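Enquirer: Residue strings, one per chain:
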Amino acid sequence: SSKEKGSTDAIDDDVNTNNPSGDLAPLEKKVKVIIAEDGAASGAGFYIAKEKGYFEDYNIEVEFAQFANSDEMLPALASGEVDIAGGVSTASFFNAIAQGIDVKIIADKGHNVPGKSYFTFVIGNHMQDVIKEYKDFKGKRIAISSKNSIDEYIYLEMLKHAGLTQDDVEFVLLGDFGSMLGAIENGSIDAALQIEPLITQGIENGFHTRFGDATDYAPESQIALVLGSPQFMNDEKNVSLRFMAAYLKGVRDYNDAFIKGEGKDEIIDIMTKHTALKDPALWEKVFVTGLDPDGKMFLDDVVKQYDAYKANGAISGDVDFDKAVDTSTTEKAVEILGAYER
Amino acid sequence: MRDEKGNVRFDPYETEQQEWKKQQVKERSKQLLTIISPVLLLLLWEICSRTGILDIRFFPPPSAIITTFFELATNGLLWTHVSVSLYRIAAGFLLGVIPGVVIGLLMGLYAPIRHFISPIVMALMPIPTLALLPIIIIFFGIGDFSKVVTIAGSVFFPVVINTVAGVLNIEKVHLDVAKNYGASPKDFFFKIAFPGALPVMLEGIQMGQAIALLTIVAAEMMGATSGIGYLIWTSYKAFMLKEMFVGLILISFFGFLFSLFLRGLQKKIVPWR
Amino acid sequence: MRDEKGNVRFDPYETEQQEWKKQQVKERSKQLLTIISPVLLLLLWEICSRTGILDIRFFPPPSAIITTFFELATNGLLWTHVSVSLYRIAAGFLLGVIPGVVIGLLMGLYAPIRHFISPIVMALMPIPTLALLPIIIIFFGIGDFSKVVTIAGSVFFPVVINTVAGVLNIEKVHLDVAKNYGASPKDFFFKIAFPGALPVMLEGIQMGQAIALLTIVAAEMMGATSGIGYLIWTSYKAFMLKEMFVGLILISFFGFLFSLFLRGLQKKIVPWR
Amino acid sequence: MSNDVKISIEDLTKVFYKKNNSVTAIKNVSLEVEEGEFVCLVGPSGCGKTTLLRILAGLEHPSSGQFTIAADSDFRPLQSMVFQEKGVIPWLTVEENVAFGLNMRHLPKEFIRKQTNNYLKKVGLSNFSKLYPKELSGGMKQRISIARAFANDPEILLMDEPFAALDEQNKFILQEELLSIWSETKKTVLFITHSIDEALLLSDRIILMSAHPGEIVKEIKVPIPRPRTMEQVRANTEMAEQFIAIWNHLQKEVQRSRG
Amino acid sequence: MSNDVKISIEDLTKVFYKKNNSVTAIKNVSLEVEEGEFVCLVGPSGCGKTTLLRILAGLEHPSSGQFTIAADSDFRPLQSMVFQEKGVIPWLTVEENVAFGLNMRHLPKEFIRKQTNNYLKKVGLSNFSKLYPKELSGGMKQRISIARAFANDPEILLMDEPFAALDEQNKFILQEELLSIWSETKKTVLFITHSIDEALLLSDRIILMSAHPGEIVKEIKVPIPRPRTMEQVRANTEMAEQFIAIWNHLQKEVQRSRG
Ligand SMILES: Nc1ncnc2c1ncn2[C@@H]1O[C@H](COP(=O)(O)OP(=O)(O)OP(=O)(O)O)[C@@H](O)[C@H]1O
Ligand SMILES: Nc1ncnc2c1ncn2[C@@H]1O[C@H](COP(=O)(O)OP(=O)(O)OP(=O)(O)O)[C@@H](O)[C@H]1O
Ligand SMILES: [Mg+2]
Ligand SMILES: [Mg+2]
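Protein chains in written order, with our numbering: chain A, 1 to 342; chain B, 1001 to 1273; chain C, 2001 to 2273; chain D, 3001 to 3259; chain E, 4001 to 4259.
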């Protein structure tokens, strides 16, 4: 797909309010950008920007490619099959980079909003009277969806917070979140690190209840990241800048809707269209993914996670964060759009 | 009927006709069983999930699944999923069957080729599709073609193995006939080897069809935006179990259909059996 | 050698011995091919990934994979994975084969049972294991047993189908013999139906074995903490491809081994073939 | 040889009924076979010989009519059938095949062993007792089938072209063996064959059947005294006449059923 | 009938060599068959009859010795074999089976059609030309095999017990048909059989072989003029003597090879 992209010579970043976008000029030729998605709500920025025509304003056509989870996107991203992907912070991700798969970390794609974590622990109904405090997790079976990943990282932070060691609890690896519902219902597991909207659906269906909030012990965890293919970020700067600007516009609408409560119906409409959560009423109840309107990430936390995986022996090789992190395009886009008023 | 001695006699023809009629009734009741059994199963499921024996949250009753089916059908989405998957299955099936047949015939006919390739086939066959997905993506990208290749890959093995077996099982006397009547290599291939291997080959193809369906979920796990496998997978991940069951029932339905279709085709293709 | 007329004559025995020796050499070179071909494949792979024809990040050279294999082997982890998986495969295999054989025999012998069960088998068979995982978890939890059940579920179908086919393919004359010599139902079952169906049944079991291996990754995707499937899946998810390939090669190796083992067993179990 | 009637068939008819076409395989067949008699049934292909034998063997129900087999002893089975080569059960060893009938009747192990060995010896298969049938030639397989039926010690023996698949020399060797066992046991035998020479060599009486519907049209007493040899059969001019008579009958029937 | 030599076999020996045991199937077989002659090869089972025929048919190499088949015409194939029932190819229709040899030689379509129809008519299969062999009886399948070989119009015909699997009545009908086609075409035929009657009915000359190693031990000219009937063969006392002579030879050979 990259062959048909626009010129790469000089960056065209003149702002002109007469442009359809109100800022940057549209590309001369229509360019197609392929975004790898896993149907998660954290792709909100992409969906909104597409539906509200922010991409179109720049003459960008986006196409979504569905993946089961973000790790599987990496080979596709590195080989240029897709231009943009959402990456959950995992050892796999760092490993791929360490082993020469060149991808760029460019913007925030998900963090927990304090007190409203979309990615947090739940406990089974049979545990409601047993687990009252974090230290009550002692001796319990806790399901996590993957090892050497943000999931395990949050899990370990929680244990630290509870004053427990890994030997105090029973770790269960359960490949996907859907299966956790069944497992927690039949008592195979006592608690799980679950994600929205399954948290809310599980509560509605009476499978589990939310337990505390992940920001209690991991307040500034970077859960997911927007990743760009190196070709896309380096060789097609005109496209990537415009893409990022449109994306941020989408993210800002999302914040307007879910944080400020402005235009919520329209956004929920878009979300039901693009994600697996088709019930608008449920959207009113879920704790949504935090998406920074300026694309800012908790980079320190990313490095901290990396160090943790490395200490665990899950990473072979080294990641050069200076090379892997490239926020320049995002910063430039924020510059053009102006900082978001919170 | 009584004969001259006054004994009761039965008309043998009538006796057999009665017998035959009884047989027919039995036959028909067996066919009825075939229809009843899935209905009964669904009914049982309905009752179990209504009475709470089955957890309704995990096992929505068939009636609810059917409602969902019609919802999906009326908004048209379902047909996209079905047609996309059918296309992929068909294309993958062909892409697996054709090389499978060609390589299988070559392996069957030429011992050195057979000895060279069969260990590779034996070694690659047990590797689960699921584990091959990343490699397939690297080679074939994330487009439709990669799904087709995934399916083709799993169809290939049973076809190749049965084709080889088919060729090796051709009766020796037919090879002698061909030789005695001076068949050229080309004639031998098309008049003896291929049709002779066909019946066993078709068994392999039938198996390949089953495997193509089994693979569709794995194939559509990655990089897809539609398809029955995609429907199942995304519905499941979003805990929309009714939609998931619609997908499962669709697969099961198509499996049934394809089996019948291939059995019919088999009768057409090998009329001599 | 010359005969009385002075013509060169050949000793027919010697001629044939020469011929036989030539044949033997050919035979041995074919066997050599069978060993050479996987070696050649690995060599090609090594060269391709060293020269960059294959992307080394996705296809680590076999030499690197072997190094990783020895690393894993020496730290003992590998044996845990292997033994856990072998246990699950064996248990799942048995749990699929035994009911498969029993139900298959019943279906083969009693037409009403066959007509009742076969549509259910036909409908359930195409449903991919991957899609059944959540249901299996709900019913069987996340322990070892759920993996065993997953494998059993996929082994069951080929076994049941081939067992039915085996029973139905028993030559009619053998049924006549049993009837004529007054076999009781029990004797009929054990002396005629079971051994008569055995050869075709064993084909199904052989297929079941292949499927058990194909399923191990799916089975160990969820709730496992060890096993070859777990090794493959977690290595893959952590982008540790060398470890993943070690797992794949192990599966391929065991697939090869099991096939040979079952073929050997088959010869023991059906010596009359 | 006593003159007791062993098999009595009365007005037996068998119709195979199908939706569109029904076949009358045999029609009003009545026949009496004496104790110890060796009767051959000869007739054109498809005339219902097998059908008649299968009815007697309990493998088929008659459409009308009945038959009785006189039982001398309560312990003996009424009848045993000698099937063709394919009737040997491939997954049983030679020994197990011969013991099959006895095993099915759950007789004492020791008795079965003795009886089996006895008949294995009679047909010359003692050295092959542990082998599977696939390792044996066609003639040897047929010996198993014969030994199995005789070992079962039934009231009567039914044989449906047991030697049809054998070559002429093997056929004769087996015919001789059959006669020798038969003369020891004096069983009543109903034997189907297409071979007139075979019928002349083996039987006391030859029953000729017509093409379908199969009816009994003629009976021929074989005049040569036993023991007979093939040379006698071939050299005897009376036999040559008999042969030609039967031959002409069969040719006529075959022509008739084809025309 | 000319006196030209059509098949000349010279000192043919075939050894089947295996690691542990080698079998000399035929040993120093020399034989001349005249143009248009019908020669039957008779011998105990396993004496190498099939082996000899397979060598002539080009399906096996001789270990030593050679043979020549005199070619009258460049267009004709040297030989065609009539295989047993199983040699009929099940996935070809009756018609295609009969045309098989002609099709393999890629002759003109029109010629093939005519030749095929001609021989289909001769063996009475015209009405069955579009059927597959499975729908036919054993006798009809054997007719296909015969028609196929004759339609191919070879220099010589080789037949390996073509009628062994048929019942006696069918066998005779086919023998008559074979003789009638043969007398029209006057092909040279080498025919294997175990049936002495068959050999006496069909052949000009009978070659007797010994049990293995297979050697030719005796030749018998059949004295009855053609056309012959089975009645003649059976009624003729000279024939009966011939029969018994051959019979005794075979019995002796069989006993010898068993002992
Ligand atoms: N199960 C059956 N269903 C229908 N028709 C049958 C069945 N069995 C036999 N027949 C018919 O009954 C007739 C007599 O058959 P049967 O096998 O008894 O003849 P046969 O005298 O034994 O012939 P052959 O000499 O060829 O063995 C034939 O026309 C045959 O087609
Ligand atoms: N391919 C082979 N390999 C080894 N031995 C063989 C082979 N073919 C035939 N023989 C042996 O050669 C001998 C002659 O066999 P052949 O088939 O020619 O006999 P035959 O006279 O045709 O017997 P039959 O009358 O039973 O058909 C036999 O001992 C047989 O075992
Ligand atoms: Mg019959
Ligand atoms: Mg032979």
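Possibly wrong hints are sitting among the right ones.
[As the list claims (entries may be wrong)] Under 10 Å between C-beta atoms, here's a sample of chain B residues computed to sit facing chain D:
{"no.": "1", "residue": "Asp1011"}
{"no.": "2", "residue": "Pro1012"}
{"no.": "3", "residue": "Tyr1013"}
{"no.": "4", "residue": "Glu1016"}
{"no.": "5", "residue": "Gln1017"}
{"no.": "6", "residue": "Gln1018"}
{"no.": "7", "residue": "Trp1020"}
{"no.": "8", "residue": "Gln1024"}
{"no.": "9", "residue": "Asp1055"}
{"no.": "10", "residue": "Ser1083"}
[Unchecked claim] Subject to a maximum C-alpha distance of 25 Å in a straight line, what follows is the list of computed SDA-like cross-link-like pairs (lysine to any residue):
{"no.": "11", "chain 1": "E", "residue 1": "Lys4134", "chain 2": "E", "residue 2": "Ala4070"}
{"no.": "12", "chain 1": "E", "residue 1": "Lys4018", "chain 2": "C", "residue 2": "Pro2271"}
{"no.": "13", "chain 1": "C", "residue 1": "Lys2179", "chain 2": "D", "residue 2": "Ala3071"}
{"no.": "14", "chain 1": "D", "residue 1": "Lys3109", "chain 2": "C", "residue 2": "Phe2188"}
{"no.": "15", "chain 1": "B", "residue 1": "Lys1030", "chain 2": "C", "residue 2": "Lys2172"}
{"no.": "16", "chain 1": "D", "residue 1": "Lys3109", "chain 2": "C", "residue 2": "Gly2182"}
{"no.": "17", "chain 1": "B", "residue 1": "Lys1022", "chain 2": "C", "residue 2": "Leu2260"}
{"no.": "18", "chain 1": "A", "residue 1": "Lys310", "chain 2": "A", "residue 2": "Phe321"}
{"no.": "19", "chain 1": "D", "residue 1": "Lys3134", "chain 2": "C", "residue 2": "Leu2106"}
{"no.": "20", "chain 1": "A", "residue 1": "Lys285", "chain 2": "A", "residue 2": "Asp265"}
{"no.": "21", "chain 1": "B", "residue 1": "Lys1179", "chain 2": "E", "residue 2": "Glu4096"}
{"no.": "22", "chain 1": "B", "residue 1": "Lys1186", "chain 2": "B", "residue 2": "Pro1061"}
It is worth saying that the hints were derived from the structure and are not from the lab.
The structure displayed is predicted, hence computed values, not measured ones.
Built from N, CA and C at the ideal position, the CB exists for glycine as well.
Enquirer: Taking the hints in turn, state whether each one holds.
Expert: Here's how the hints hold up against the structure:
Here the hint on Asp1011/B is kept, as its CB sits about 7 Å from the closest CB of chain D, short of 10 Å. Interface hint status for Pro1012/B: upheld, as the beta-carbon distance to the closest one in chain D is roughly 3 Å, under 10 Å. With its C-beta approaching chain D no nearer than about 5 Å, Tyr1013/B sits inside the 10 Å limit, and its interface hint holds. Because the closest C-beta pair between Glu1016/B and chain D is about 4 Å apart, less than 10 Å, the hint holds.
At a threshold of 10 Å, the smallest CB-CB gap from Gln1017/B to chain D is about 5 Å, leaving the interface hint in force. Using the Cβ-Cβ criterion of 10 Å, the hint placing Gln1018/B at the interface with chain D is satisfied: the shortest such distance is roughly 9 Å. A least Cβ separation of about 4 Å between Trp1020/B and chain D falls short of the 10 Å threshold, and the interface hint therefore holds. With 10 Å as the threshold, the beta carbon of Gln1024/B comes within range of chain D, its nearest partner Cβ sitting at about 8 Å, so the hint holds.
For Asp1055/B, the suggested interface contact is broken, since its CB lies about 48 Å from the closest CB of chain D, more than 10 Å. Hint status for Ser1083/B relative to chain D: violated, with the closest Cβ pair at about 42 Å, above 10 Å. For a cut-off of 25 Å, the pair hint linking Lys4134/E to Ala4070/E is broken: about 37 Å separates their Cα positions. Using a Cα cut-off of 25 Å, the hinted pair Lys4018/E and Pro2271/C holds, with the two alpha carbons roughly 24 Å apart.
With a C-alpha separation of about 19 Å, the suggested pairing of Lys2179/C with Ala3071/D holds against the 25 Å cut-off. Annotation: proposed proximity of Lys3109/D to Phe2188/C holds, straight-line Cα distance about 19 Å (limit 25 Å). Between Lys1030/B and Lys2172/C the CA atoms are separated by roughly 21 Å; this keeps the pair inside 25 Å, and the hint holds. The suggested pairing of Lys3109/D with Gly2182/C holds, with an alpha-carbon distance near 18 Å, which does not exceed 25 Å.
Simply put, Lys1022/B and Leu2260/C have alpha-carbon atoms about 50 Å apart, too far for the 25 Å limit, and the pair is violated. Annotation: proposed proximity of Lys310/A to Phe321/A holds, straight-line Cα distance about 14 Å (limit 25 Å). For the hint linking Lys3134/D to Leu2106/C, the alpha-carbon distance of about 28 Å lies beyond 25 Å, and the restraint is violated. Taken as a hint, the Lys285/A and Asp265/A pair is honoured in the structure, with Cα atoms around 13 Å apart against an allowance of 25 Å.
Restraint check for Lys1179/B and Glu4096/E: the C-alpha separation of about 17 Å stays at or below 25 Å, so the hint holds. Pair hint Lys1186/B plus Pro1061/B does not hold up; C-alpha atoms about 59 Å apart against a cutoff of 25 Å.
Violated hints, listed in ascending order, are 9, 10, 11, 17, 19, 22; each of the other numbered hints is respected by the structure.
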